[in-house]
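Anchor point for the sequence shown: position 43 equals 43 in the UniProt record's numbering, and the numbering is continuous, going up by one each time.
Hints were generated in silico from the structure; no laboratory data involved. Built from N, CA and C at the ideal position, the CB exists for glycine as well. Treat the hints loosely; a few may be bogus.
[Claimed, not checked] When the alpha-carbon atoms are kept at most 27 Å apart in a straight line, the in silico DSSO-like pairs for lysine-lysine are as follows:
| hint | residue 1 | residue 2 |
| --- | --- | --- |
| 1 | K5 | K51 |
| 2 | K5 | K62 |
| 3 | K14 | K51 |
| 4 | K63 | K5 |
| 5 | K9 | K27 |
| 6 | K27 | K58 |
| 7 | K14 | K69 |
| 8 | K27 | K69 |
| 9 | K27 | K14 |
| 10 | K4 | K69 |
| 11 | K4 | K58 |
| 12 | K24 | K58 |
| 13 | K9 | K24 |
| 14 | K4 | K62 |
| 15 | K51 | K63 |
| 16 | K45 | K62 |
| 17 | K27 | K5 |
| 18 | K63 | K4 |
| 19 | K9 | K51 |
| 20 | K14 | K24 |
| 21 | K63 | K14 |
| 22 | K5 | K69 |
| 23 | K45 | K67 |
| 24 | K67 | K4 |
| 25 | K9 | K63 |
| 26 | K5 | K24 |
| 27 | K51 | K4 |
[What the hints assert, rightly or not] Label-pair distances were calculated between CB atoms; the ranges are:
| hint | residue 1 | residue 2 | range |
| --- | --- | --- | --- |
| 28 | K62 | C15 | 11 to 21 Å |
| 29 | K51 | V7 | 12 to 22 Å |
| 30 | K4 | E28 | 12 to 22 Å |
| 31 | K14 | K45 | 10 to 20 Å |
| 32 | K5 | R59 | 16 to 26 Å |
| 33 | C15 | K51 | 30 to 40 Å |
| 34 | K14 | K51 | 17 to 27 Å |
| 35 | E50 | E28 | 11 to 21 Å |
| 36 | E50 | K14 | 12 to 22 Å |
| 37 | R59 | E33 | 24 to 34 Å |
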Amino acid sequence: MEDKKIVLKVEGMKCDNCRDNVEKALKEVEGVEHVDTDLTTGEVKVLCEEKTGIDSLKRAIKKAGYKVK
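Model the full assembly from the supplied sequences, consistent with the hints where possible.
Take a look at the structure:
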């Protein structure tokens with residue numbers, strides 16, 4: 001199965017704890033294989049299965065208490 005990379009801009013990640021919360025929320029989404037976050041830019045790079053939808057990733061981030069651009 002093909003994997004895809006999705007880059008999201010997340011507002012409100014300011015510390016390691018924030019990063020951990022976002023990564024944990026995303027890793028619970030079915031099909032997510034790897035998450036890489038950059039606190040400086042607010043970018044979150046998600047490697048996931050082709051079937052994983054961007055909306056499910058955005059919902060997970062919002063549920064964790066952060067805004068997605």
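**OP:** May I ask which of the numbered hints given earlier this structure violates, with the numbers listed in increasing order?
**Re:** Hint check: 3, 34, 36, 37 fail, others pass.
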